[in-house]
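Residues per chain are reported as follows:
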Amino acid sequence: MKGFYTTARLDEVEALIGKAADVQGRSLWDDALRRLIRNRAAVVSIVILCLIALAAVFGPLLLAYDYNYMNYDIVSCAPDWWPDSVVLCNAGGTHWFGTDSLGRDLLARTLIGARVSLAVGLIATVVSLVIGVAYGATAGYLGGRVDELMMRFVDVLYSIPYIFLVIILMVIFNRNFYLLFVAIGAVEWLTMSRIVRGQTLSLKQKEFVEAARASGVSDFGIIARHIVPNVFGPVVVYVTLTVPASILAESFLSFLGLGIQEPLTSWGVLISDGANQMETAPWMLLFPAAFMAVTLFCFNFIGDGLRDALDPKDR
Amino acid sequence: MFSYFIRRLLGAIPTLFIIITLSFFMMRAAPGGPFDNQRRLPPEIELNIKAAYNLDKPVYQQYVIYLGKLLHGDLGPSYKNKDFTVTEMIADGLPVSARLGLSAMLLALLFGLSLGTIAALNQNKLTDYFVMSSAMVGITVPTFVTAPILTLIFGVYGVSLFGYDLSLPVGGWNGGALRNMILPVIVLALPQVAYIARLTRGSMVEVLHSNYVRTARAKGLSSFMIVIRHALRAAVLPLVSYLGPATAGILTGSLIVEQIFQIPGIGRYFIQGALNRDYTLVLGVLIYYATFVILLNLLADILYAILDPRVRYAK
Numbered sequence: 001m002k003g004f005y006t007t008a009r010l011d012e013v014e015a016l017i018g019k020a021a022d023v024q025g026r027s028l029w030d031d032a033l034r035r036l037i038r039n040r041a042a043v044v045s046i047v048i049l050c051l052i053a054l055a056a057v058f059g060p061l062l063l064a065y066d067y068n069y070m071n072y073d074i075v076s077c078a079p080d081w082w083p084d085s086v087v088l089c090n091a092g093g094t095h096w097f098g099t100d101s102l103g104r105d106l107l108a109r110t111l112i113g114a115r116v117s118l119a120v121g122l123i124a125t126v127v128s129l130v131i132g133v134a135y136g137a138t139a140g141y142l143g144g145r146v147d148e149l150m151m152r153f154v155d156v157l158y159s160i161p162y163i164f165l166v167i168i169l170m171v172i173f174n175r176n177f178y179l180l181f182v183a184i185g186a187v188e189w190l191t192m193s194r195i196v197r198g199q200t201l202s203l204k205q206k207e208f209v210e211a212a213r214a215s216g217v218s219d220f221g222i223i224a225r226h227i228v229p230n231v232f233g234p235v236v237v238y239v240t241l242t243v244p245a246s247i248l249a250e251s252f253l254s255f256l257g258l259g260i261q262e263p264l265t266s267w268g269v270l271i272s273d274g275a276n277q278m279e280t281a282p283w284m285l286l287f288p289a290a291f292m293a294v295t296l297f298c299f300n301f302i303g304d305g306l307r308d309a310l311d312p313k314d315r
Numbered sequence: 001m002f003s004y005f006i007r008r009l010l011g012a013i014p015t016l017f018i019i020i021t022l023s024f025f026m027m028r029a030a031p032g033g034p035f036d037n038q039r040r041l042p043p044e045i046e047l048n049i050k051a052a053y054n055l056d057k058p059v060y061q062q063y064v065i066y067l068g069k070l071l072h073g074d075l076g077p078s079y080k081n082k083d084f085t086v087t088e089m090i091a092d093g094l095p096v097s098a099r100l101g102l103s104a105m106l107l108a109l110l111f112g113l114s115l116g117t118i119a120a121l122n123q124n125k126l127t128d129y130f131v132m133s134s135a136m137v138g139i140t141v142p143t144f145v146t147a148p149i150l151t152l153i154f155g156v157y158g159v160s161l162f163g164y165d166l167s168l169p170v171g172g173w174n175g176g177a178l179r180n181m182i183l184p185v186i187v188l189a190l191p192q193v194a195y196i197a198r199l200t201r202g203s204m205v206e207v208l209h210s211n212y213v214r215t216a217r218a219k220g221l222s223s224f225m226i227v228i229r230h231a232l233r234a235a236v237l238p239l240v241s242y243l244g245p246a247t248a249g250i251l252t253g254s255l256i257v258e259q260i261f262q263i264p265g266i267g268r269y270f271i272q273g274a275l276n277r278d279y280t281l282v283l284g285v286l287i288y289y290a291t292f293v294i295l296l297n298l299l300a301d302i303l304y305a306i307l308d309p310r311v312r313y314a315k
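From first to last, the protein sequence lines are chains D and S. The first sequence begins at 1 in the working numbering and counts up one residue at a time. The second sequence begins at 1 in the working numbering and counts up one residue at a time.
Don't take each hint at face value.
Per label pair, the in silico range of CB-to-CB distance [stated by the list, open to error]:
1. D:V44 to S:E206: 27 to 37 Å
2. S:I182 to D:R225: 41 to 51 Å
3. D:F232 to S:P238: 25 to 35 Å
4. S:D83 to D:A41: 33 to 43 Å
It is worth saying that the hints were derived from the structure and are not from the lab. The C-beta atom is built at its ideal place from N, Cα and C for all residues, glycine as well.
Build out the structure end to end from the sequences listed, making use of the hints.
Shown next, in the form of structure tokens:
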């Protein structure tokens with residue numbers, strides 16, 4: 001750009017413009033992003049999480065073994081590099097994580113499990129997000145008796161230990177794969193709706209909402225256009241904490257035999273299988289458990305990082 | 001104070017009623033009945049069985065009958081364990097579960113409070129970081145991972161320290177022998193220790209910066225006395241409201257722990273009942289759990305009112 005201007009005068013003008021651009025205020029989001037990037041734990045977590053997600057999506061396509069291919073010659077075999085020498089057999093070949101009790105490649109199963117677990121986490125979170133935001137924003141915006149009634153209902157649901165509700169839902173839906181997402185999402189929305197309601201209550205006192213109302217925007221319009229976009233910050237933080245909670249809920253159910261069914265698998269199923277075999281084949285427990293723990297860690301670090309970034313109160 | 005207590009107690013009744021109603025109709029909405037998986041019975045006999053359990057009547061009548069019996073403390077017969085009533089089964093498992101849960105809760109409070117206080121007193125020092133990152137591990141790694149891994153270490157491989165054999169039994173209750181209780185209680189308490197430590201640290205840091213603590217320090221009180229006499233009381237307030245969620249957490253965890261360590265508590269009945277569609281059993285345990293959580297939430301509110309003179313309960 002500079003090459004186009006020949007006179008010193010124009011350079012000066014440009015420098016001034018540049019300076020003006022510099023002092024242009026950073027938006028809240030720029031600021032938050034900057035703080036997030038400075039948080040090393042959060043950045044490392046994002047990178048690791050991306051790697052796990054990539055491995056989950058593309059890994060099974062690249063591996064030599066299908067996740068459901070059984071080889072009865074190598075049942076519950078350790079990977080070749082396993083340090084403990086007193087194992088029954090070594091799986092050999094490219095079974096880097098060993099094999100499970102049906103002679104299936106554990107790496108392929110762990111990655112398919114990652115696919116399922118991450119998918120459950122994300123979809124259930126979206127479900128909870130949609131229900132929670134709609135419900136909370138409506139209750140907070142309408143206020144008064146409606147609000148009281150709607151929040152009373154949330155209180156009631158709160159006092160049921162939610163996982164029991166999911167267990168009943170899973171029994172009713174007969175362990176349906178798709179409804180598992182909905183069932184988990186349908187109980188995770190409670191906190192979301194509370195957060196959104198609280199934000200909405202304070203937001204609706206703000207001038208811009210009053211202005212919108214004065215210019216005749218409908219209630220629905222105000223909620224959709226003004227309230228929901230402004231509760232974004234706390235909701236984003238809570239979303240990053242809902243994903244691991246959903247993954248945990250799914251694994252919990254699968255561990256108890258109420259979630260994902262064979263031959264499909266998830267981290268919960270793998271950990272459950274591994275726990276049954278840990279005396280003879282500890283790798284069946286350790287690999288899926290490690291994957292899951294790392295993923296949950298990453299989400300928690302990102303959530304903490306986002307909270308610090310978006311809420312500069314205690315910097 | 002007393003009228004506040006009574007009013008809160010009465011307020012809990014509709015909550016409980018809604019929970020019972022909701023779960024009753026949800027269970028009835030489930031496709032397939034408790035007697036579906038058995039041998040094909042002649043239709044007359046099937047009708048007789050259904051009549052014996054009131055299953056031939058319309059759902060709303062079943063509901064009224066169930067409520068009526070419930071008022072007398074009768075949770076009905078178990079559909080699957082023919083010779084037992086649900087009340088008997090719960091009475092059978094309750095002492096075990098209660099002992100397990102209470103021990104875990106006490107352990108969690110003891111360690112959580114001390115670790116949180118230690119971290120707060122050493123704010124932003126190495127000890128603080130160490131305690132807080134351990135707490136992160138405790139929160140992130142789920143019970144169904146810690147349980148098998150601890151079992152693997154202490155039960156299967158066995159640990160000995162200074163010539164003492166530290167290996168522990170991997171399962172069974174053995175009438176509540178201490179050796180059998182150690183692992184389940186620790187596993188159950190770990191996430192709660194972590195949560196409580198985090199909460200305590202947070203509020204303790206705040207309290208330690210407050211003016212009255214500075215005054216106490218200026219008067220020459222020792223750190224220990226300040227914490228015990230002044231800071232702790234204010235710092236445990238957030239913990240009191242955590243009482244309800246902690247109970248729910250321990251109940252949820254007990255499902256897993258009782259399953260893994262083969263402990264004959266009511267958590268196992270709940271899972272079995274859900275897997276076998278034993279409506280009355282599941283409903284009975286759920287009602288029991290919900291009552292428990294509601295009561296503890298109530299207790300938390302009342303404790304809060306007692307501990308915090310700023311909360312006015314007259315209104």
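Cross-check of the supplied hints:
no., hint, verdict
1, D:V44 to S:E206: 27 to 37 Å, "29 Å, holds"
2, S:I182 to D:R225: 41 to 51 Å, "58 Å, violated"
3, D:F232 to S:P238: 25 to 35 Å, "27 Å, holds"
4, S:D83 to D:A41: 33 to 43 Å, "56 Å, violated"
Checked against the numbered hints above, the structure violates hints 2 and 4; every other hint is satisfied.
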